[in-house]
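Below, each chain spelled out in residue letters.
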Amino acid sequence: MTRQAKSQATSRAPEPGSRFAPGETVRVAERPALGHCRTPWYLRGKTGVVASVQGIFRNPEQLAYHQPGLPKRVLYKVRFEQAAIWDDYRGPAGDHLEADIYEHWLEPASRSAPDLEKAR
Amino acid sequence: MTHHDHDDHDDHDHDHHDHDHKHPHASPQKDHDTGPVGAYEMLEETIRSLLIEKGVLTAQEIAAQVDLMDSRSPALGAKVVAKAWVDPDFKKRLLADTRSALAEVGIDIGTLADYRIVENVPGIHNVIVCTLCSCYPKLLLGIPPAWYKSLAYRSRVVVDPRGVLEEFGVELPEGTEVRVHDSTADLRYLVLPMRPKGTRGWSEADLAALVTRDCMIGTAISAVPKGKRKAA
Numbered sequence: 396m397t398r399q400a401k402s403q404a405t406s407r408a409p410e411p412g413s414r415f416a417p418g419e420t421v422r423v424a425e426r427p428a429l430g431h432c433r434t435p436w437y438l439r440g441k442t443g444v445v446a447s448v449q450g451i452f453r454n455p456e457q458l459a460y461h462q463p464g465l466p467k468r469v470l471y472k473v474r475f476e477q478a479a480i481w482d483d484y485r486g487p488a489g490d491h492l493e494a495d496i497y498e499h500w501l502e503p504a505s506r507s508a509p510d511l512e513k514a515r
Numbered sequence: 014m015t016h017h018d019h020d021d022h023d024d025h026d027h028d029h030h031d032h033d034h035k036h037p038h039a040s041p042q043k044d045h046d047t048g049p050v051g052a053y054e055m056l057e058e059t060i061r062s063l064l065i066e067k068g069v070l071t072a073q074e075i076a077a078q079v080d081l082m083d084s085r086s087p088a089l090g091a092k093v094v095a096k097a098w099v100d101p102d103f104k105k106r107l108l109a110d111t112r113s114a115l116a117e118v119g120i121d122i123g124t125l126a127d128y129r130i131v132e133n134v135p136g137i138h139n140v141i142v143c144t145l146c147s148c149y150p151k152l153l154l155g156i157p158p159a160w161y162k163s164l165a166y167r168s169r170v171v172v173d174p175r176g177v178l179e180e181f182g183v184e185l186p187e188g189t190e191v192r193v194h195d196s197t198a199d200l201r202y203l204v205l206p207m208r209p210k211g212t213r214g215w216s217e218a219d220l221a222a223l224v225t226r227d228c229m230i231g232t233a234i235s236a237v238p239k240g241k242r243k244a245a
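Read top to bottom, the protein sequences are chains Z and E. Be aware that the first sequence starts at 396, since it is given in our numbering, and climbs by one per residue. Be aware that the second sequence starts at 14, since it is given in our numbering, and climbs by one per residue.
I should point out that these hints are in silico values taken from the structure, not numbers from a laboratory. Here a beta-carbon is modelled for each residue, glycine too, at the ideal position from N, C-alpha and C. Treat the hints with caution; some may be incorrect.
Stated by the list, open to error - Computed from the model, here is a short list of chain E residues facing chain Z with C-beta under 7 Å:
hint, residue
1, Arg175
2, Val177
3, Glu190
4, Arg192
5, His194
6, Asp195
7, Ala198
8, Asp199
9, Leu200
As the list claims (entries may be wrong) - Chain E residues, not near chain Z, derived (Cβ > 12 Å throughout):
hint, residue
10, Met55
11, Gln73
12, Glu74
13, Val79
14, Asp83
15, Cys143
16, Gly176
17, Glu184
18, Arg208
19, Ile234
As the list claims (entries may be wrong) - SDA-like, lysine to any residue: derived pairs with alpha carbons at most 20 Å apart:
hint, chain 1, residue 1, chain 2, residue 2
20, E, Lys92, E, Ile60
21, E, Lys162, Z, Trp436
22, Z, Lys467, E, Asp127
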């Protein structure tokens, strides 16, 4: 990664009350969801790094059913190594995927988690 | 239908001389209304008429909103990109606080979803997708192309972004990271492409003409077309 590339890890100020800070390793919960949900299946159980805190939003899982969507949830931009998502990713190791994931879908993870996952 | 009507038909390819003109002709216009009404069309019509009936919206308001949507085009996004290319301070503000920077150029995000601009730099090429539905920066790009909403693009670009970019004709320098942005939640993404080489001194308007819709989705690279190369 070039120096310019590294500086692109957008460091917006963390939202008050956010559980994770940019740079922290997190794991997307591996659980099913009934109904509307903004956490894609392909990222569940995958480990990435918080790239930035995106803000606080009403919970879309409730909004979809005409509920107030409260309490609001912190939204994170999580950066995943492509190789940590797909076993057979055909691009180089530096490729990444970023997705916006709500806090209640994230768990703390140790840095070695992707390796453990691969070993399984 | 009289005989001379036929002269106006674009796709009327049968032989007039061997034809007795007694069968009923189908309308020459291929109107999308002529097929059976689909379930979603019926749903849309029902909801629309209920909203009007209950006084939530007027027909005029709905028509005005449709007009507004139709008036948006990638030209808006291109204008923003070109300004960011010529004005480094604007670019900084655009990346840090997109809402206020867009307001400066008269684009009001209002109650719509907030924007994030991801910048292509030497070493990183960004590409946008929405795997869960078809979130798209409509405010800056207008109505999305059909392929953006297709299951093929949405599923393939996350698994094999390089394969998809290759099909779009995107050639990246060796060592470039491909970074896919899945707009899964409440934000809309737009790629700020790299300013093409050989455009020093170009006006904002000339630069904006180089910024295509696909450049701002990340499925193209902004470039100076061969015929348009001028001396700096």
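Hints versus structure:
Annotation: interface hint on Arg175 (chain E) holds; nearest CB of chain Z at approximately 5 Å, less than 7 Å. For Val177 (chain E), the shortest C-beta to C-beta distance to chain Z is roughly 11 Å, which exceeds 7 Å, and the interface hint is violated. Hint on Glu190 (chain E) holds. Least Cβ distance to chain Z is approximately 4 Å, under the 7 Å limit. Satisfaction of the interface hint for Arg192 (chain E) is found here, the shortest Cβ-Cβ separation to chain Z being roughly 5 Å, below the 7 Å cut-off.
Because the closest C-beta pair between His194 (chain E) and chain Z is about 5 Å apart, less than 7 Å, the hint holds. Taking 7 Å as the C-beta contact cut-off toward chain Z, the hint placing Asp195 (chain E) at the interface holds, the least distance being around 4 Å. For Ala198 (chain E), the interface hint holds, since its Cβ comes within 7 Å of a Cβ in chain Z; the closest pair sits about 4 Å apart. Evaluation of the Asp199 (chain E) hint against chain Z yields a held restraint, the C-beta minimum of about 5 Å falling below 7 Å.
Interface restraint check for Leu200 (chain E): the shortest CB-CB distance to chain Z comes to about 6 Å, inside 7 Å, so the restraint holds. At roughly 22 Å, the least C-beta separation between Met55 (chain E) and chain Z is larger than 12 Å, which holds for a residue marked as non-interface. Remark: the non-interface label on Gln73 (chain E) is consistent with the geometry, its nearest Cβ contact in chain Z lying 26 Å away (cut-off 12 Å). Every CB of chain Z is more than 12 Å from the CB of Glu74 (chain E) (nearest about 22 Å), matching its label as outside the interface.
Look at Val79 (chain E): its CB is around 24 Å from the nearest CB on chain Z, clear of 12 Å, so calling it non-interface holds up. With a closest Cβ-Cβ approach of about 27 Å to chain Z, Asp83 (chain E) is found to remain outside the 12 Å limit, as its non-interface label requires. Chain Z draws Cys143 (chain E) into its interface by the beta-carbon criterion, the shortest separation being 10 Å against a cut-off of 12 Å. At the 12 Å boundary, the C-beta of Gly176 (chain E) falls inside the reach of chain Z, the nearest C-beta of that chain being 7 Å off.
Look at Glu184 (chain E): its CB is around 14 Å from the nearest CB on chain Z, clear of 12 Å, so calling it non-interface holds up. Residue-level check passed: Arg208 (chain E) sits 15 Å from the nearest beta carbon of chain Z, beyond 12 Å. At roughly 17 Å, the least C-beta separation between Ile234 (chain E) and chain Z is larger than 12 Å, which holds for a residue marked as non-interface. Among the hinted pairs, Lys92 (chain E) with Ile60 (chain E) is inconsistent with the structure: their alpha-carbon atoms are about 36 Å apart, more than 20 Å.
At roughly 18 Å between alpha-carbon atoms, Lys162 (chain E) and Trp436 (chain Z) fall within 20 Å of each other, so this suggested pair holds. The suggested pairing of Lys467 (chain Z) with Asp127 (chain E) holds, with an alpha-carbon distance near 16 Å, which does not exceed 20 Å.
Violated hints, in rising order: 2, 15, 16, 20; the structure is consistent with all others.
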